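Put together the whole structure using the sequences plus the hints.
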Amino acid sequence: MLRTILLSFFVLAVQVLLGQEKSRLVSGDFSGLTMQEFVRRLETQTPYHFYYTSSQFDSIRINLSVQAQPLDKVLAAALPADSAFQVAIDETDNVFITKGFSIQTSLPTDFLGTRKEAGQATDTVAAASYLAGKKKGQLDASPENKLHEIGLKTNVVGKGNAALSGYVINAKTGEPIINAAIFIPSLKLSAVTDQYGFYSLTIPKGRQTINVQGLGMKDARYQVMMYADGKLNMELSEQVISLKEVVVSAQKLVNINRVQLGVEKLTIQAIRQVPVVFGEADILRAVLTLPGVKTVGEASTGFNVRGGSADQNLILFNDMTIYNPSHFFGLFSAFNPDVVKDIELYKSSIPAKYGSRLSSVLDITGKEGNKKEYHGSAGLGPLTSRINLEGPLDKNKTSFVLGARTTYANWLLNLLPQSYKNSSASFFDANLGISHQLNDKNNLYFTGYLSNDRFHLNSDTAYHYSNANASLKWKHTFNSKLNSVFTTGADRYKYDISSDQNPVNAYKLSFDINQLNFKTDFNYFISSKHTLDFGASWIRYTLHPGYYEPLGSKSLVKPDKMPTEQARESAAYLAERFTITPQLSLNAGIRYSFFQSLGPQQVNQYATGLPRDESSLLNTKSYSKGKVVQTYHGPEYRLAVRYALTNSFSLKAGYNSSRQYIHMLSNTTAIAPTDVWKLSDPNIQPQRGEQLSFGIFKNLQSNTIETSLEVYYKKLYNYLDYKPGAVLVLNHHIETDVVNTGGKAYGLELLVKKQTGKLNGWISYTYSRILLRADDALATNLINKGEFYPANYDKPHDFTFIGNFRVNHRFSVSFNTTYSTGRPITLPVARYYYAGGQRVLYSDRNAYRVPDFFRMDFSMNIEGNHKVHQLTHNSWTIGLYNLTGRKNAYSVYFITENGRINGYKLSIFGSVIPFVNFNIRF
Amino acid sequence: MKKLSILLFLLCMLCCKDRYNPPVVSTNNSYLVVEGYINGSGITTIKLSRTFKLADTARVTVEANAQVRVESNGGASYLLANRGGGTYELAQTNLNPAQQYRVRIVTTGNREYVSDWVAYKATPAIDSVNWRRTGDGVQIYVNAHDDQNKTIYYRWDYDETWEYHSAYRTVLEYKNHAIVRRDPNIDLFTCWQSQISSRILLGSSAKLVKDVISLSPVTSIPQGSWMLSVRYSIIVRQYALDEKGYQYWLNLQKNTESLGSIFDPLPSEISGNIHSTSNPTELVLGYISVGNIQNKRLFINNADVSNWFYRDGCELLFTPNNKDSLEAYFGGGGYSPTDEAFLPSGAMGYNYSTTGCVDCRLRGTNVRPSFW
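Top to bottom, those sequences are chains A and B. Numbering follows the working numbering, with no gaps: position 639 of the first sequence is 639. Numbering follows the working numbering, with no gaps: position 114 of the second sequence is 114.
Treat the hints with caution; some may be incorrect.
Unchecked claim - The list that follows gives simulated cross-link-like pairs (lysine-lysine, DSSO-like), each with its CA atoms no further than 30 angstroms apart:
1) B:Lys207 x A:Lys625
2) A:Lys554 x B:Lys150
3) A:Lys558 x A:Lys625
4) A:Lys561 x B:Lys53
5) B:Lys121 x B:Lys296
6) A:Lys561 x B:Lys210
7) A:Lys887 x B:Lys53
8) B:Lys254 x B:Lys207
9) B:Lys254 x A:Lys494
10) A:Lys887 x B:Lys254
11) A:Lys558 x B:Lys254
12) A:Lys508 x B:Lys53
13) A:Lys785 x B:Lys254
14) B:Lys244 x A:Lys621
15) A:Lys494 x B:Lys207
16) A:Lys621 x B:Lys207
17) A:Lys508 x B:Lys244
18) A:Lys508 x B:Lys175
19) A:Lys159 x A:Lys529
20) A:Lys508 x B:Lys254
21) A:Lys561 x B:Lys150
22) B:Lys244 x A:Lys785
23) B:Lys121 x A:Lys558
24) A:Lys441 x A:Lys508
25) A:Lys621 x B:Lys150
26) B:Lys207 x A:Lys561
27) B:Lys207 x A:Lys554
28) A:Lys508 x B:Lys207
29) B:Lys254 x B:Lys244
30) B:Lys296 x A:Lys558
31) A:Lys218 x A:Lys758
32) B:Lys121 x B:Lys150
33) A:Lys372 x A:Lys441
34) A:Lys558 x B:Lys210
35) B:Lys53 x A:Lys621
36) B:Lys296 x A:Lys554
Unchecked claim - Incomplete in silico selection of chain A near chain B, CB under 10 angstroms:
37) Tyr507
38) Tyr548
39) Lys558
40) Pro559
Since the hints were derived computationally from the structure, they do not count as laboratory data. If you're wondering where the values come from, they're calculated on a predicted model, not measured in any experiment. Glycine included, every Cβ here is placed at the ideal spot set by N, Cα and C.
Structure, rendered in structure tokens:
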């Protein structure tokens, strides 16, 4: 109502008062006038135009006589002292009289965190002024009606394009909004903000309407008048849960407009909706519900992407490499859900800036602290508890976020029989993130991560493993077209196992991986058609692949120290994002990686043309410190093409190749915390992989439903599989126990996703195969006689349904269903007697399968009341895991018991498991 | 890694283990299985059998009537005597430790199999076989060492024998529908039972500075077991292995005894050292080693273990001397009289118990072992 009046007044006022020159001082006798008459007299006398709601002045009569007084004094005297009327006068002589709130007539100069400079938006008040009542009676802060003039204003708008860049931030917290889509639908131009909320878009000069969408944020539209290159920071308001309708805006068009394929993104809100055992949101479990992602079993650490092994995933947490992403041997993922903002999984089009793993990149983005207020949250569950604090260190400039999580699973162990009473299990993880804005062009980010697991069994074997990571990032914006990020960090993963039960054999086995990283990434927006990404990275590896040492003075254990492995991996990349036509876009990248295995090193040399074993070992060659032992290098290609047939329908194709120089050697089904990692050396070649993929993306129902179909074919070279009977720990000639393996993987992935509305969730179906073949010409005793065999995680059919139904704003239910083919196993095919007992003869590797997997889970989220001004907000998560209580086979095995063969099926969560979790926010 | 299976148990507060019968998968081939140890200072026994299908109920398919020879690279050849049931035996032979030996087998189908040449590997003496009382019973260990640090890989097997007693002595028996005195020369009270090891026991000192095997577990006697109700004995035999043999046995052990936890290695087959001469790809199971066998015997008396709490579950009952009652109790053989008894009234009857509580021969033999 107010706005309509204001608008009509404005139009009127502009017509009447243009070009008039009048005194600003007020004189005259205004006794007995109504407000309307009073205002009319003032408007004829002075250049001011008045805006007010006439109904508020119905009962007011003016009684005033003044001589050459300024307007503000006149009004103060004219209006009743206790009437709560507020007067605001802006630069262009508009006068706003309001009741109960005041109008700010201009934006604070640093409102968008910027100071006025040439080439920057001048915030012209085009329609009504900006209504920014922060305290009470908050009005719509949408800046939709404002025209932002970019560049120096000229009378004639030039031809051609201009670059627009800036940050998209959360209007309330000042945090950057990642992956917000900035697009001009009419021109099919779009850009997506990076992890700092930065975007850059080249658009035709002239007046444009830019749409901005961010996940969980209200959509916004910005009117811009492009005169030249410039900056515009855009704010989005949070999609606050109102008491009417909830519309969680998603990146409605990102999946269509993005050139890459095989990219999956989940926000923490979506992750929280996936019911998990023990009730605490679990990032890795949510990843497992995505198409093309599999795991060998319910309690296993690793995951497999499109036929890749678990070590072929690069897991990055704010650019720190996490080697073991789970706690408690795979029961929990090692990431505190309260400090995670979102995750992105690249299955196919891996951006050229990432390398050193074949299958996928899981990019976990941590939360940035709130720059304006202190907040916190805490969660209580049956096995774990967590706490998280965030807030400004220096308001609007520096913020921190701190998270910690721990377990108290010992009560569980106390339920065990007497003989295990002295067992203990514990883990914790802690995160610290600090972000600091040096100035408009420079930002610093620090992230630290520590996780620790301990497991002790009576006075016997103790297991301990730990991740420790730190990274420091400096983001520098050179100008609106060029920006850069410099990252440096250190990552460490270590484990040790010790046993002191038998003093003579008491030992400790320790292992660690260390890496130092440095990388630079540049973004250069050349024009609306061309964007360049380029950069370089450098990793220094130091591995201590096993140190077996005596524990205690009585121990006769012979210290066995595997020689330290060292290497450096460097890479440079160049990628171009080329918008050929609005419909057709191309991302083409090349990455050249360069790996050098470094001394000191002892390299076993084997007779050429003979199978590698101890008998063909000729000699051992020594390399001195720092000497380059072996160099491997090669190009990696990253190519993706998108053709948009309509606004909501696109076709994409991609080709991807990559190289991996660090290998995990395992002869167990799942990643064990004690698996051995190995760097490439003269005897161990780097792994290579290439993937060809194709996808169809279609959005339905005005972009609320995303559908996609992707197919891929993938080849793997020099993957390392173990030979039958291989010894992997403390093996000084490990190359004799592994065999070069080639692989082929292919599949089809279907996804239907609805992120908005009362009912949301996704359905995915995957058909995929991964077949391996030992293709080492020299190796003897080949696995399955050199024929193709399915990998451990080959599960052809996989169906997942994740659904969330919001009954009302305080109550929602989630439900999920997973079905997949059983994983392959090696089954016994014959029996015989040997050494007093029955033994079994096993089939070819992975020739059979465990029974199919099926599980349903259910959970309810109950929120406390939604009053804004209360100290804490509480919520409960209650649910049932494995609703049908199906005993899904984790593994099937056969053992000789009392001389007889018995087959057993092991299920990890073989019954209905209820859980409850209490969360609190403050 | 064995401990990891216990770990799994802990993780698996919520998990469960069920019996599983695999789909019927079988190979039609029946492969030759060769088990044995060429004993350079004693009797050599080689057992030949064949693999059988998982579903087959036959206990053992033996390879009978084969010709089995032990050959040395010095040119000697010894023919093993066929003892029937697939067992072939070579009487006490002292082999030259400096030579290499192999087994040559010709089956009735005229197929020939030979093992690789295997070096004679001397086995050091067992230092001791000892035991410890644990919360769950008694754990038996073996200790060994080699001063020359040459043995490194060890394998053991064992025979257990134990003496046990009937709950009640009997002087009577029910014969031809009447109670008569028993033949006092037939002992129904003291008996022995024995069993051979069925698990693969391996030890390695490869990771130690000295060739020492300390407290390597052999077997355990569960708390309260009848094996230690009177007296228990175990003889542990020790075999030295070469590295390849150790790997073979270790893999066999892993494949059949320690699978099932999350972190256990996946089963895989590794080939032994016996091959077909005509078809090199034919699978032959087994690994032949050569050397000498060392053994040591241990005795444990019930008195050596405190609080053993062996319970036989036997009960002494009374029946009046009444023809119908006697026939009802003893006619079927389920119960046996022990001695005469009298009620306070002076009426005569018999004490009796279940036959298993009276006649120990039902669970073993009353023939005293030679070493007892």
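If any of the earlier hints don't hold here, list their numbers in rising order.
4, 12, 18, 24, 35
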